[in-house]
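Asks: Residue strings, one per chain:
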Amino acid sequence: GNSVTQMEGPVTLSEEAFLTINCTYTATGYPSLFWYVQYPGEGLQLLLKATKADDKGSNKGFEATYRKETTSFHLEKGSVQVSDSAVYFCALSVNTGGFKTIFGAGTRLFVKA
Amino acid sequence: DVKVTQSSRYLVKRTGEKVFLECVQDMDHENMFWYRQDPGLGLRLIYFSYDVKMKEKGDIPEGYSVSREKKERFSLILESASTNQTSMYLCASSLGAWSSETSGRITQYFGPGTRLLVL
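Protein sequences, first through last, are from chains A and B. Going by my numbering, 40 is the number at position 40 of the first sequence; the sequence numbering is gapless. Going by my numbering, 44 is the number at position 44 of the second sequence; the sequence numbering is gapless.
The hints are simulated quantities; they were obtained by calculation from the structure and are not laboratory data. Among these hints, one or two may not hold up.
List of simulated lysine-lysine pairs, DSBU-like, C-alpha gap at most 35 Å [as the list claims (entries may be wrong)]:
(1) 18(B) - 52(A)
(2) 3(B) - 70(B)
(3) 112(A) - 60(A)
(4) 60(A) - 71(B)
(5) 55(B) - 52(A)
(6) 56(A) - 3(B)
(7) 57(B) - 68(A)
(8) 13(B) - 52(A)
With beta-carbon atoms standing in for the labels, derived distance ranges [to be verified]:
(9) 5(A) - 62(B): 22 to 28 Å
(10) 73(B) - 45(A): 30 to 36 Å
(11) 68(A) - 5(B): 46 to 52 Å
(12) 73(B) - 82(A): 35 to 41 Å
(13) 115(B) - 18(A): 30 to 36 Å
(14) 69(A) - 119(B): 33 to 39 Å
Model, not experiment: these values are computed from the prediction. For each residue, glycine too, the CB sits at the ideal point set by N, CA and C.
Please work from the sequences and hints to get the whole structure.
Replies: Pasting the structure below:
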């Protein structure tokens, strides 16, 4: 079946530190991959996406590369800010005739000033 | 910008009550979804709808039903609320069916969520 596994949190970093949140997936078919972010008190919003192998999605200084050989889509940012404190969800969607997106459990990030 | 609104941010209900959660989107999206979000479990799909009056069960439909009488509105109904339905409920919408041309059609847009407490 289709599933997403991401690293457990919380992750606590100091401002300007390097961030990596690991995400791996299993999928029947060729998935599109996403990172969504949920800021405190809000719903989820799309952060970035990639639709085929070796694609790199990027937004707001965050990046993730679609690695088919390792079935991974790790999220990275070179220098985090306090305002990046949020919950990050890795997700996939596969064209198997359905419309669903499968979400990981989420990783909470705390950034200290 | 796509806007998805939910009728309440916080709701407190008694066990056995019938509960209605409303969701409205303003971008003519075909698909709408209801999730519940619980710590450590991420988002779990309850029901989704790909057209007016159409609905499909998600992963955890037990104890819930849905209604989609108009394209922009998708309602989640708890027929008889129980304490194990205390959770954050998130509504989402997406443009349409997955297409090999663009994944933009499957990007989901979320409402702010309704935090439901069942006593």
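Asks: Compare the structure with each hint and give your call.
Replies: Verification of the supplied hints:
| no. | hint | in the structure |
| --- | --- | --- |
| 1 | 18(B) - 52(A) | 44 Å, violated |
| 2 | 3(B) - 70(B) | 16 Å, holds |
| 3 | 112(A) - 60(A) | 19 Å, holds |
| 4 | 60(A) - 71(B) | 33 Å, holds |
| 5 | 55(B) - 52(A) | 30 Å, holds |
| 6 | 56(A) - 3(B) | 27 Å, holds |
| 7 | 57(B) - 68(A) | 30 Å, holds |
| 8 | 13(B) - 52(A) | 45 Å, violated |
| 9 | 5(A) - 62(B): 22 to 28 Å | 25 Å, holds |
| 10 | 73(B) - 45(A): 30 to 36 Å | 21 Å, violated |
| 11 | 68(A) - 5(B): 46 to 52 Å | 38 Å, violated |
| 12 | 73(B) - 82(A): 35 to 41 Å | 38 Å, holds |
| 13 | 115(B) - 18(A): 30 to 36 Å | 34 Å, holds |
| 14 | 69(A) - 119(B): 33 to 39 Å | 51 Å, violated |
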